[in-house]
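A.B. asks: Now for the letters of each chain:
Number of protein chains: 4
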Amino acid sequence: MLVVMERNATASEIRRVVAAIEEMGLEARLLPGKQRSAVGIVGNDGSVDASPLSGLPGVLEVIHVTQPYKQVSREWKPDGTVIRFPGGLAIGGDDVVVMAGPCAVESEAQILAAARAVRDAGAVFLRGGAFKPRTSPYSFQGLGKKGLELLAKAREETGLLVVTEALDPAGVDLIERYADVIQIGARSMQNYSLLKRAGQTRKPVLLKRGMAATVTELLLSAEYLLAEGNPDIILCERGVRGFDAGTRYLLDLTAIPLVHRLSHLPIIADPSHGTGHRDRVTPMARAAVAAGADGLMVEVHPTPERALSDGVQSLAPEQFAALMKECRMIAEAIGRRVAEPAEVP
Amino acid sequence: MLVVMERNATASEIRRVVAAIEEMGLEARLLPGKQRSAVGIVGNDGSVDASPLSGLPGVLEVIHVTQPYKQVSREWKPDGTVIRFPGGLAIGGDDVVVMAGPCAVESEAQILAAARAVRDAGAVFLRGGAFKPRTSPYSFQGLGKKGLELLAKAREETGLLVVTEALDPAGVDLIERYADVIQIGARSMQNYSLLKRAGQTRKPVLLKRGMAATVTELLLSAEYLLAEGNPDIILCERGVRGFDAGTRYLLDLTAIPLVHRLSHLPIIADPSHGTGHRDRVTPMARAAVAAGADGLMVEVHPTPERALSDGVQSLAPEQFAALMKECRMIAEAIGRRVAEPAEVP
Amino acid sequence: MLVVMERNATASEIRRVVAAIEEMGLEARLLPGKQRSAVGIVGNDGSVDASPLSGLPGVLEVIHVTQPYKQVSREWKPDGTVIRFPGGLAIGGDDVVVMAGPCAVESEAQILAAARAVRDAGAVFLRGGAFKPRTSPYSFQGLGKKGLELLAKAREETGLLVVTEALDPAGVDLIERYADVIQIGARSMQNYSLLKRAGQTRKPVLLKRGMAATVTELLLSAEYLLAEGNPDIILCERGVRGFDAGTRYLLDLTAIPLVHRLSHLPIIADPSHGTGHRDRVTPMARAAVAAGADGLMVEVHPTPERALSDGVQSLAPEQFAALMKECRMIAEAIGRRVAEPAEVP
Amino acid sequence: MLVVMERNATASEIRRVVAAIEEMGLEARLLPGKQRSAVGIVGNDGSVDASPLSGLPGVLEVIHVTQPYKQVSREWKPDGTVIRFPGGLAIGGDDVVVMAGPCAVESEAQILAAARAVRDAGAVFLRGGAFKPRTSPYSFQGLGKKGLELLAKAREETGLLVVTEALDPAGVDLIERYADVIQIGARSMQNYSLLKRAGQTRKPVLLKRGMAATVTELLLSAEYLLAEGNPDIILCERGVRGFDAGTRYLLDLTAIPLVHRLSHLPIIADPSHGTGHRDRVTPMARAAVAAGADGLMVEVHPTPERALSDGVQSLAPEQFAALMKECRMIAEAIGRRVAEPAEVP
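Residue numbers (this note's numbering), protein chains in the order written: chain A, 1 to 345; chain B, 1 to 345; chain C, 1 to 345; chain D, 1 to 345.
Treat the hints with caution; some may be incorrect.
It does not matter which identical chain is meant; a pair holds if it fits inside one copy or across any two.
[Stated by the list, open to error] In silico SDA-like links for lysine to any residue, alpha-carbon gap of 25 Å or less:
1) 203 to 216
2) 77 to 138
3) 196 to 134
4) 325 to 335
5) 77 to 139
6) 325 to 90
7) 196 to 173
8) 77 to 36
9) 145 to 169
10) 77 to 11
Note that these hints are calculated values from the structure, not bench results.
In this text the structure is predicted, and so the values were computed from the model without any measurement.
Bound-form chain A, shown alone (with noise of 0.2 Å):
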C-alpha cells in the first residue's frame, strides 16, 4: 500500500500518516520525491483495511499496491484448477467443454428434445432455469421444483450433466441434491449470503460475472467462496453494462485472458445473454473460444420463436450444430480441443 501525500503536505502531516501505520503494526518506509512524498507500507499482509489513512490531513490518496484477494489469485496457485467430473470430463485443462440448453425448463417435452439436441451436436452439459430471476414480477419465473426432476430425468436420458441456477440459499439445498454445478447469476454475484451457502456446498459452482461488477469484484466473490472451503469454482463472462443499446450487454472477452493472468480459476463466456440476439451469439461464441475461454454456455431451443423466455437469443438445433464444428476448428488452431459427449451407458 502507498499512501501519496498531497505536494504541499507538512512535515507533521507526514509524521502523523508514519504514526498511524505504525498504530496499526505495520512497517512504514518514506519515499520523498521532488514534486511530492509518499509513504510506503511495508508488512501489510492484505487483510488490513488501511482505507482510514485516506482520510487524514495531507493524503492525496491511498494506492493498493497488493490485490484485495488471495485464495483465488495464481500467485497463491500457480497451476490451473481443473474441476473433475464423473465419466472423465474435465473443465479448467486444454479441453473447451459446451454447456447447452434453453433458458428456461417449460415442459418434459421441451427440455427432452432440448437435450437430445444439443447432446447430437456436442454439448457435454444440458442448462436450464427451474428458477428464473425476472426483472418484472409479471415474467415467467420457472417451474422450481417441477423443473429441477425434469432436469433430471433429461440427464438420465441423454448422459449429460446438468447446471442450474440457485437464487438463494434454500435454493441451494435444492439443487445441490439435483444439478452437477450450481449456477449464480449475474444479479447474484454479490449475494453474500448465497455465496456463503455455496461455499459449504460439495458440487461445483458456475460464478457469473455481474453486469456492472469489475473482474477484481468479480475473482473477490469467489472468494467468498473459496473462503468457505468450496475449490471448485467456474468463472463465468456474461456481459456487462456499456453505453450503446445496440450491442445490448457488452460482451467482455478481454476479461478472460485478464482472469487467466490473475487467477487460476477456469473461466467461461456466455455469448447467448451477453449479445441479446441469435445473430450474434454465434460470432461471438467463436470468438469466446479464440480468446481462450475453457468453456462457452449458450441458449439453445428446440422452437426458438415458442420459447417463454429469451427466445430472440436462442439458436435453433442446426444454428447449434453448425456453431460446434466451428468451434471444433478453432480450438484446434490454438492447440485446445472442444471435449466430446460420453458414452451413455
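Since the structure of chain A is already known, use the hints to place chains B, C and D on it.
C.D. replies: For chains B, C and D alone, kept in the frame of chain A given last:
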C-alpha cells in the same frame, strides 16, 4: 408495442407477424411506410410478453411502448405517495427528511455519540449498518443482532427513527422487529427472494438503486415490493458505475426528477456512497436537495479517522451541522423545508 | 511513479527495473514487501514517459503518482483563476455567471427575441451556435458567419456578452473577431489542432468535457491551452455517457467539487445538453449551483416547439425566469451571488 | 416515427400532434390503445427532423423507427463493399487483411526493421503514426512530414501498403500524397471538418470508432464520408470506455457482426489499443478474426521495450508471427483466408 419490419420484409412475413399477434389474443394494426412497414399492437395490457415476435423472419425490432411496470407508475396513481411515521414525520410530502449516522454500528459508545451528534444537527433518522455487505470476505461484516439492539437503544435515547439494512429474508424477520425502515442495499436491488419477503413486511422499505441499474429496473424492483402488498417504498439514488475512477460512483441526480415524473414514490439521495470522499459529500448533498430529493442519507461518524469502514466518506459532526444549515436554505429556495426532529418525550 | 513487481519476480528482474529507471536519469528506491516488492521512482518531474517499464519481465503494473498535468493544477497555482470581462463581470470569483440562449442562431428575429428574454431574466452571456457539430450530415449545420453577425448585433442591442462554438482552427480565426468567449465543444475536447489554435487566441475559451472524458483528460486538454499561452480557460461539465438511455447523458456534478480540488480553473455546468429534456433542466441547473458551479449554460428559446434543433431541451423564457429566481436564493445559501447584467449604455 | 402519447393525453393534444405532423408534409396515422394512444408517421423519408414533436403537450416520447443514416446501410446497398488495391489486395471480401507496425514512426532504422518483420510474418499493410494525437501536450507528437517520407520508403522497400493517421484537413492534403489508406482516429470520429475533407479524397479512409460512440454514431460519421462522395470506407473497432480500469478500453467485438448486419461497409479490429497490454493482444486478435472481422490492425515494434509510445501494447516480431499462424487457421475455420503479401517486383 410496435413490431418494426425489415425494409425488404415480404407480405407473407408481415402476415405471419399479424397472425402471431392475434394468436396472443391481441389486435394488430398495420402501419405501412415508404421505407418499411410496422405492425402496431392494440390492447396489450403490459402483462403480455411479446418478445417472441422479435424472432420471427422479417422482423427488425420490437419496440415497447407501454412501460413494463404498473403500480409504481404515476399514471397508475397520480398523487405522490406520502409515508407517515409516529410523531408526525412524513416522507414524500413537502418535507426533506435527513437520515444520518455511521456506516456501521461499531460499539455502544460510537452509535450513541453519533446519534446525539446527528440529532443535535437536525437529522430525524439514524442510519447504521448491523449487517454489512462487503466486497471482500476479509472485511468487517457488522455486529449483527447486537448492532440492532444498539440502534434500538440509540432510538430510545434520542427519539430518532432507525433505518438499517437487511441482506436476506432472514434478516428482514429480525430487522422488522427493531427498525422503522428496512433498507435494501444497492447490491441487493435484484435479489428477488429478498424483495418478495420485504414486500410482506409492514415496515416501510428503502430501496437503493443498483450500481448498474437503469431507472426502469429500479422501478421494476419496487414493483416487486408493491406487488407483494407493501405500498410504503422509498427509493434512493446512490451512484452508478461510470468510467472515471476519479469520481468513483457517479451520483446520478437526474434520476430524481425522472423518478418524480415516472412514479409516485418518494426518492432520496445518498451522497456519501455516491461520491466516496467527504470533500464531495457536502456539495452533492446540497445539490440533491436542489434537484428535488425527498431526503438525504448521509454518513456521519463521531471520529471519522477511526471508523472501521468508509471513514473517508464520513462527515465529522461539525461538518454535518454546517451542511444542515445550507440544506435548510436550499429547501426554502424551492418551496420545501427540512424536517425537524420531534421533541423527545 | 511506482513499479509494482509480480510476487515471484526474481532479483535479476528487479535489478533490470532499477537499471532502466537509472538509464532514464531518475533515481530508484527499492520497497521490499512481504508479498511482493515495488520500486519507487524519485525525482520524476512528470514530463518523463515511464510507460516502457510496464513491459519489462516481472513487472505487474506501473502506478502513476504524480498527476500528468501541471499548469492547470491547484498545486501549481493555489489561487483560483478569475477571468475578468469589460463591464466588471468575472468568472471564477464569488459570482455565479449565467449564459443562456438558443441552441442555434436561426434568424435575426429569433436571436434578438432570445437575447432580450434571457437578459430580462438575468443572464449575462448570450449563447447560440453559428457553426453546429451535428451527428448526422443531414441535420441543420448552422448559419455560419451570418450567425456570428447576428450574435454581434444582439450584443450591441442588449449588452450581453457572447459565447459561441468554433469547430476548427479556421473557425477560431473568425470567431475571435465576434465573440467574447470561444467555446470548444464536447466532441472537440481532444481535437488537438483546434486546442493549439485556441491556445493562441487572446479571448477566453470555454472547454466542454467530452462525453467519455475523465476529469484527468479534461484537465490535460486544458493543459494544451495553457501550454500555448492562454490562461483564461473555463471548464464545463455537460454530461457523460452512461448506460441508461432514460437519463440520456449523465450530468456528472461531482466533477465540479473534484475540479475545484484539483485545479484553479473555474467550472460551469450545462444542464440542457446534460439532461436532454426541459423537465430535468431546471432541477439540475439548481443542483449545479448548489454543487458549487461557477456558472450555468442554459438553452432558452423564445418558442421552443419551433426550434430547428434541441427544442425539447430548451426552456421557454418564463421557465428560465423562474429558474433564475431559485438560483439566486441557492447561491446565497452557499455564500455566493448570481451575477447581474450590467446597465446598457 | 412513432409519437407515443401520455396515458392521460387529451383528444385535443392528440389532434395537435396530428396537425403538427401534417404541417411537416407527412401523413399521421392514429394508433389508439387501451393504456395510451400513439400516432404513427407514414412517409417520413429519414431526412425530416421530427424531434420538435417531443416538446408538444401530452407527448411522452418520440420513437425513431427509420435509422438516421442512409447510404451506409445494408438496406441501401445489400452487397458488401469491397475496396480494391493495386496488386490484387481487397478489403471487404473473403480475405482477412492484416495491418501491422509500430505505434509511431520513430526513425528510419526502426520503421524499416518493423516493416520487414511484419511483412515476413504475413502482414500486407504497414501502420505507423507520423502525426500522433496525444492526451498530454508533453508527450511525443510524431515526426510529421519526415515520418510520411519514411513510411513511403518502407513501402518501396517491402511492397507493403501504408496506412497512417490524419489529424486535421491540412493533414489529409499531405497524407493523401503518401499513404494508401488515410486513418481517422477514435478521438476524431466526430471531427466534422476532418470528415468532410476526408470525404473528398480519392484514397480509402479507415474510420475508427470513438471511445464513447455507439454503432449508430459510427455509421453516421461514415455517412459524412459517403455523403461527400468517398465510397471506400473501412470501419474499425478499437475499444470503448468501460467501468473497469482492469481491462482498459473494452474491445466491443459484438460491434463486428452488428455492423455487418446494419451496413455494407467492411470492419476491422484493433486489439492493441483495445486492450492496452500485449498479453491480451494475441487472444483478442484471434477473437476478432473468429467474430468475423475483415481485418486486423496490430501494433508491432522491433524492440517493444524501447518504443517511444505504447510499448506495453506492442507485440515483438516473433509474437506477431505466432499470432499470424493462429489467425490463418481460425480464418479457415470460418471459411475465409488471411491475405498474403504480394510479391515485391
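A.B. asks: Next step is simple, just say for each hint if it's right about the structure.
C.D. replies: Against the structure, the hints come out as follows:
Proximity of residue 203 to residue 216 under the C-alpha cut-off of 25 Å is restricted to the intra-copy arrangement: shortest distance 24 Å within a copy versus 36 Å between copies. Taking CA atoms no more than 25 Å apart as the test, residue 77 paired with residue 138 passes between copies only; the shortest distance there is 19 Å, against 45 Å inside one copy. In this homomeric assembly, residue 196 and residue 134 come within 25 Å of each other (Cα to Cα) both inside a single copy, at 23 Å, and across copies, at 12 Å. Proximity of residue 325 and residue 335 under a CA criterion of 25 Å is satisfied in both settings, with 16 Å inside one chain copy and 12 Å between copies.
Proximity of residue 77 and residue 139 under a CA criterion of 25 Å is satisfied inter-copy only: 22 Å between copies versus 43 Å inside one chain copy. Taking the closest pair of Cα atoms, residue 325 and residue 90 come within 25 Å of each other only inside a single copy of the chain (20 Å); across copies the shortest separation is 28 Å, beyond that limit. Taking identical chains as interchangeable, the C-alpha atoms of residue 196 and residue 173 lie at most 25 Å apart whether they share a chain (12 Å) or sit on different chains (19 Å). Taking the closest pair of Cα atoms, residue 77 and residue 36 come within 25 Å of each other only across two copies (15 Å); inside a single copy the shortest separation is 37 Å, beyond that limit.
Within a single copy, residue 145 and residue 169 get their C-alpha atoms as close as 15 Å, and across copies as close as 20 Å, so both meet the 25 Å cut-off. Within a single copy, residue 77 and residue 11 get their C-alpha atoms only as close as 42 Å, which misses the 25 Å cut-off; across copies the closest is 21 Å, which meets it.
Comparing the model with each earlier hint shows no violations; every hint is respected.
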